[in-house]
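Enquirer: What follows is each chain in one-letter form.
Number of protein chains: 2
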Amino acid sequence: MKSEKISELTTKRLSIYLRCLQILDRNGIQTVSSRAMAEQFHLNSAQIRKDLAYFGEFGVRGVGYSVSHLAQHLTKILGLDSRHRLCICGAGNLGRALAEYGGFNSEGFQMVALFDTDAKKIGTTTRTGVPIYDIKKLKPIVVKENVDIAVVTVPSEVAQKVVDLLCAAGIKAILNFAPVHLRVNSGIKLQKVDLKVELENLSYYLSNPSVSAPANLPE
Amino acid sequence: MKSEKISELTTKRLSIYLRCLQILDRNGIQTVSSRAMAEQFHLNSAQIRKDLAYFGEFGVRGVGYSVSHLAQHLTKILGLDSRHRLCICGAGNLGRALAEYGGFNSEGFQMVALFDTDAKKIGTTTRTGVPIYDIKKLKPIVVKENVDIAVVTVPSEVAQKVVDLLCAAGIKAILNFAPVHLRVNSGIKLQKVDLKVELENLSYYLSNPSVSAPANLPE
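Chain order of the listed sequences is A and B.
So in our numbering, spot 214 of the first sequence is number 442, and the numbers just go up one at a time.
So in our numbering, spot 157 of the second sequence is number 385, and the numbers just go up one at a time.
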């Protein structure tokens, strides 16, 4: 396993492949070739073979991949064989929307806490029953609830302060939605979701209609 | 201009460069080298030079780029010199959060309408004053308000129906947050934001702590 060569784009594609395999499995499909998978899900078959080759020999030439075995392998590679426990800092519209977002409450992930500074919100729960705590209690709750991934949806002005609190609480992986550059110590993975970049990419496409729609991450 | 070669990753980096240049401009910096820009904003200087070379000769060897000129060029390349008008379909927590999101209401973008089917929401406005319309009025409002980009935040079950309505209303660029694969006719750009993929990438990192944090899109 040549893990040192794996780029973020590769791991993101592995996520997509896993989702496709789960759909095939639900539909009773037992084996699939990279070509059939590529056709059904609008992927690139050479890319599939290359991405999977990083992690070993999964397929059988002329037969394809065992759907359930490959799904198990990808689940393990992505660290989804043990469940991650998430918290969200910032119980505004975005924080609440994410707390209820299907993808954040499915196999592999469980949303266990929100944090805020608003006395009106503290002590209540979201519609789906996730408790909202005072951000002053971040560290004890993170420790008690075994939270290992934090999502930051606070305003930009306070985002660095919140990230510092998360690092001090021992969190090693952070997904940041605040449109601001944040610093973390080495050994902590900070990933930013920049929604304006997505819009600007659409703007580029509208301004260059002669350019065929560039390839997205496979869906 | 070799626009046929431009990948989505390149245009996303151009967005990032533009943001960096705007910061430099606000700080009174008039020229910057790719190396200085890379150092200050944690980017890759060779990548900056390569990305910009697609669009012509901007820099002067030994001097660097004119901050304001390069910002103007990137603004034009990204189609941000004319303002885009956005609508959101789905006025739930996520739709409301995005309607108020800074990046969706800044230079280049203006949020002008939300659509929903909930009679309690129709006829009201968001906190920031964006009107919420009946989705039955999608086409006339899109035409009247000159909307050219739509954001989809409805539940997965109805997302395809809403995208079909948007296409019928003449929308050419769609940003989809529903965790489902959607079909559009050719000539329409559909971009998906898949937040679960982001989480799974963090999960991979947590499972492989020996792997140094893979490079994100430059922040």
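Treat the hints with caution; some may be incorrect.
One copy or two, it doesn't matter: identical chains are merged, so the pair holds either way.
As the list claims (entries may be wrong) - Taking lysine to aspartate or glutamate pairs in the DMTMM-like style, the calculated list, with each CA pair at most 25 Å apart, reads:
| id | residue 1 | residue 2 |
| --- | --- | --- |
| 1 | 240 | 335 |
| 2 | 348 | 285 |
| 3 | 349 | 309 |
| 4 | 349 | 335 |
| 5 | 348 | 335 |
| 6 | 348 | 328 |
| 7 | 420 | 335 |
| 8 | 424 | 328 |
| 9 | 364 | 385 |
| 10 | 424 | 253 |
Treat the hints as calculated values from the structure; they're not laboratory data.
Enquirer: In ascending order, which of the hints set out earlier in this document are inconsistent with the structure?
Expert: Hints 2, 3, 4 and 5 are the ones this structure does not satisfy, whereas the remaining hints hold.
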